[in-house]
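Top to bottom, those sequences are chains A and B.
Quick note, the first sequence lines up with residues 849 to 1018 if you use the working numbering.
Quick note, the second sequence lines up with residues 106 to 294 if you use the working numbering.
One thing to keep in mind: the hints can contain errors.
From the structure, some residues in chain A lie toward chain B, with a derived Cβ separation under 10 Å [what the hints assert, rightly or not]:
1. 864
2. 880
3. 886
4. 888
5. 889
6. 897
7. 972
8. 973
9. 975
10. 979
11. 983
Source of the hints: derived by calculation from the structure; they are not laboratory data.
Glycine included, C-beta positions come from ideal geometry on N, C-alpha and C.
Single-letter residue listing:
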Amino acid sequence: MRDAAEFNAFYAGSSRRVFGQLYAMTGNRVEAEDAVAEAYARAWQRWSQVRDCDSPEAWVRRVASRIAVSNWRKAVNRIRAHRRNATQSHTEGLNPDHVALVHALRQIPADQRRVIVLHHLVGLNVAEIAAEVGAPTGTVKARLARGRKAMAQHLSDGSTNFTGGVNQNV
Amino acid sequence: MSDQDFTNRLSALAEDAARVGTLSPVDAVRHRGDQRRRHQRTLTGVLGAVVLIGALGAGVVLGPHRVTSNPGPPAGSAAASLSRSWSGAKQFMEVQSGQVTGGMVTLKVRPAKKVILGESFETQPIAGPYTDVTVGANARILSLDGESGMPSAFVEALGRRTANERGEGFDITFGADGKVTLVEWLYVP
């Protein structure tokens, strides 16, 4: 019972935040909801180990993003169709400014979107992102730079200062 | 837009999304986790029983005749036999690596379990050795988009996979001669 209460508190305190991050990573509300639910189920499945992690929330986020990627892998054609035809259904209820941002996020590759979210939303530096995604720091920097540059082009406000460079100190 | 503006916009998006998102009740999440735990236990039990039965069977065969029994078939022969048992069938398999030798492509494969998770799936490894299988001269490698590729390019792609991707399974179809006729990517490499 103590375990359940502890897990319930963990879920209540972190799940919405993780969902927001997954939504930004996937640009798809349904995929994000599924991935988050599955990741927390897996966390509960091995709660005795996950609870002792440095950051159980980071564990769940990592697992959820992997599940989301796996979902894309399995159903990539379906999702491409969603991107073409069903943008509205996945952004229902969002502020119009955010719909535009989601649309821009969807235009860039998933690996770039992931590092952008980890850096700008989760607040990780390049080394931490490299550890989380299992890529060299140079690759992470390149993805950040390319992703931000592409985002700048896609965002409707015609950004002028957002050049896509990567701060070497991040 | 400055870096900070971008961070602020993303944060606002995440907060907005968290507001409109529908998260499962925690009881349902724990129930799903309990189901996975039970499923894992059952699978472990079944695998343990198979290993135990296999070991006992080997003991029965080898036990009394250990000194005089003939050596088993060479590994290559066992692999060929295993490969033949897949003839004419589609198997879900892990592919450890591939090799191109003198124009002939071979893959190191072993069966895996495809666990369906809603619309997705998870690859669960099945312990055991990898077996060398030959890819037929006219075999096709199909991407998720249905595009056909060359087996040699597939071997190169296998080498480029990340650590995470190495655990993902493929659908592999074997011809009547035990050679691979079709490999289907189930994820985007």
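Each hint, compared with the structure:
Interface restraint check: residue 864 of chain A against chain B, minimum CB-CB distance 4 Å, threshold 10 Å, status holds. The criterion of a C-beta within 10 Å of any C-beta in chain B is met by residue 880 of chain A, whose closest approach is roughly 7 Å, and the hint holds. At about 6 Å, the closest approach between the beta carbon of residue 886 of chain A and any beta carbon in chain B falls short of 10 Å, and the interface hint on this residue holds. The interface hint given for residue 888 of chain A is met, as the beta carbon of that residue sits about 5 Å from the closest beta carbon of chain B, less than 10 Å.
The beta carbon of residue 889 of chain A is positioned within 10 Å of a beta carbon in chain B (closest approach about 4 Å), and the interface hint is therefore held. Against a cut-off of 10 Å between C-beta atoms, the interface hint on residue 897 of chain A is violated, since the closest Cβ of chain B lies about 12 Å away. Given hint, residue 972 of chain A at the interface with chain B, is violated; its Cβ is 12 Å from that chain's nearest Cβ, farther than 10 Å. Annotation: residue 973 of chain A was flagged as interfacial toward chain B, and the flag is violated, the nearest CB pair being 13 Å apart, outside 10 Å.
A least Cβ separation of about 18 Å between residue 975 of chain A and chain B goes past the 10 Å threshold, and the interface hint is therefore violated. The interface hint given for residue 979 of chain A is broken, as the beta carbon of that residue sits about 13 Å from the closest beta carbon of chain B, more than 10 Å. This hint holds: residue 983 of chain A has a C-beta 8 Å from the nearest C-beta of chain B, less than the 10 Å allowed.
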